[in-house]
Every structure is written in C-alpha cells, then in structure tokens.
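Undergrad: Sequence:
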Amino acid sequence: MMAQYLALREEAGDALLFYRMGDFFELFFDDAKAAAAILDIALTTRGEHDGQPIPMCGVPVHSAEGYLARLIRAGCRVAIAEQIETPDEARARAKREGTPSSKVLVGRAIVRLVTAGTLTEEALLEPRRANVLVALAELRGAIGIAACDVSTGAMVLEECAPEMLGAALARIGPSEVVVPEDWANGPDEAIFRPRGTFASDAGADRLKALHAVATL
Numbered sequence: 001m002m003a004q005y006l007a008l009r010e011e012a013g014d015a016l017l018f019y020r021m022g023d024f025f026e027l028f029f030d031d032a033k034a035a036a037a038i039l040d041i042a043l044t045t046r047g048e049h050d051g052q053p054i055p056m057c058g059v060p061v062h063s064a065e066g067y068l069a070r071l072i073r074a075g076c077r078v079a080i081a082e083q084i085e086t087p088d089e090a091r092a093r094a095k096r097e098g099t100p101s102s103k104v105l106v107g108r109a110i111v112r113l114v115t116a117g118t119l120t121e122e123a124l125l126e127p128r129r130a131n132v133l134v135a136l137a138e139l140r141g142a143i144g145i146a147a148c149d150v151s152t153g154a155m156v157l158e159e160c161a162p163e164m165l166g167a168a169l170a171r172i173g174p175s176e177v178v179v180p181e182d183w184a185n186g187p188d189e190a191i192f193r194p195r196g197t198f199a200s201d202a203g204a205d206r207l208k209a210l211h212a213v214a215t216l
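Going by our numbering, the residue at position 137 of the sequence shown is 137; the numbering climbs one at a time, nothing skipped.
Treat the hints with care, as some may be off.
Taking lysine to aspartate or glutamate and the DMTMM-like style, the derived pairs with C-alpha atoms no more than 20 Å apart in a straight line are [as the list claims (entries may be wrong)]:
1) Lys33 to Asp50
2) Lys103 to Asp88
3) Lys208 to Asp188
4) Lys103 to Glu85
5) Lys103 to Glu89
6) Lys33 to Asp14
7) Lys103 to Glu138
8) Lys103 to Glu48
No lab work stands behind these hints, which were simulated from the structure alone.
Note that the structure is predicted; figures quoted are calculated from it, not measured.
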C-alpha cells in the first residue's frame with residue numbers, strides 16, 4: 001500500500017494528499033502533520049518507513065467538505081485520491097495478472113485537485129464573493145490576464161501594462177493566481193506552473209477540443 005501511496009504523493013506535488021481508505025481520507029508523513037495542526041485533529045502513526053513511525057491522520061469521507069474548506073482557507077491545495085475499483089474488481093484484475101490474492105491492492109488515482117480558485121461546491125464557496133481563478137502571462141510587453149469563475153463558467157480575457165497589474169488584480173479579486181515558473185512579475189501569493197502550460201497553441205487546441213469547434 002505504501003508504494004502506491006508514495007507514487008500518488010509524488011504526483012500530487014505541493015498539494016496535500018487525501019488518500020481514500022474505506023470510509024476515510026487518510027494523510028501520511030508531513031501531510032498528516034500539517035493537516036492535523038490546521039484541523040486540530042489527532043495525529044497518530046501507522047507502521048514504519050525507513051525504520052521510523054509513519055505519522056497519520058484522517059477525516060471521514062462523509063464530512064470531508066468541511067475539512068477541505070478549512071484547509072483551503074489556510075492556503076493549502078488538496079489532491080483527492082479515490083478508489084477507482086471495488087475489492088471484487090481488484091481481485092479479478094489480480095487473477096488476470098497472475099498476482100497472488102494476498103497481494104491484491106485496490107487501484108487508486110488522483111481524481112481532483114482542490115484549490116482556492118477551482119472550488120465548485122456550494123458548501124466550500126463564500127456566498128457573497130465570486131471565486132475567480134486568474135492565470136497571467138507576458139504578452140508582447142504587456143500582461144495577459146485570463147480570469148475564470150469555475151463555479152459559474154464566467155470567463156474574461158484582458159491585458160494590461162505591467163505597472164497596472166496590481167490595480168487589475170485588485171479589481172478582479174482572484175482567489176488564486178497562477179503564473180509561469182520563474183516569472184518575477186507575479187504577485188507574492190502566485191502559484192508557479194510549468195511554462196509549457198501557458199503555450200498559446202496548446203491552449204487554443206484545448207479550447208477547441210473542449211467546445212468541439214474547429215476555430216476560435
């Protein structure tokens with residue numbers, strides 16, 4: 001199980017990993033320490049890794065939204081790893097693969113990354129405030145701004161002079177700002193993503209595929 005967890009932990013990057021185990025989302029290692037402190041829940045241990053006890057904490061799946069809201073308000077990002085097959089399906093897969101039944105492990109995958117700017121659940125949103133995700137990029141000496149409220153689908157594209165970026169962000173009031181890695185012009189709270197994520201050709205292709213159109 002720990003090998004599966006560690007692979008998902010690496011995939012989650014800088015986000016806390018909620019790892020589904022039955023009726024609970026479990027957190028381990030430094031994730032557990034951070035979450036236990038923010039959520040004021042018990043920090044325990046489970047087994048050992050490299051000869052050291054593994055810190056662990058968990059929250060019930062049925063009340064996870066409340067815990068997620070507190071983590072997001074504390075500035076955390078959370079990756080949700082769900083079970084993607086039932087125990088019976090896992091056993092059938094193991095039989096096809098010739099894996100001993102004693103080593104069967106239910107498959108899990110990260111199905112969602114929860115961040116301040118990607119919330120859609122009413123329980124996690126502030127009712128009187130738009131929840132806007134903003135992406136910034138340099139554009140011919142100006143700053144390109146893409147602002148989207150994921151909860152409503154509203155989207156605005158604009159550009160501004162570099163010296164006007166602060167005023168533009170103050171007007172938009174984003175919950176989360178994403179910028180290309182190693183970019184020095186973003187706000188202090190910005191989240192860095194690979195530069196390839198901001199390639200205009202790739203973005204245009206994704207939009208055309210999403211809306212099933214040939215041109216934009």
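Undergrad: So which of the earlier hints does this model not fit?
TA: 3, 7
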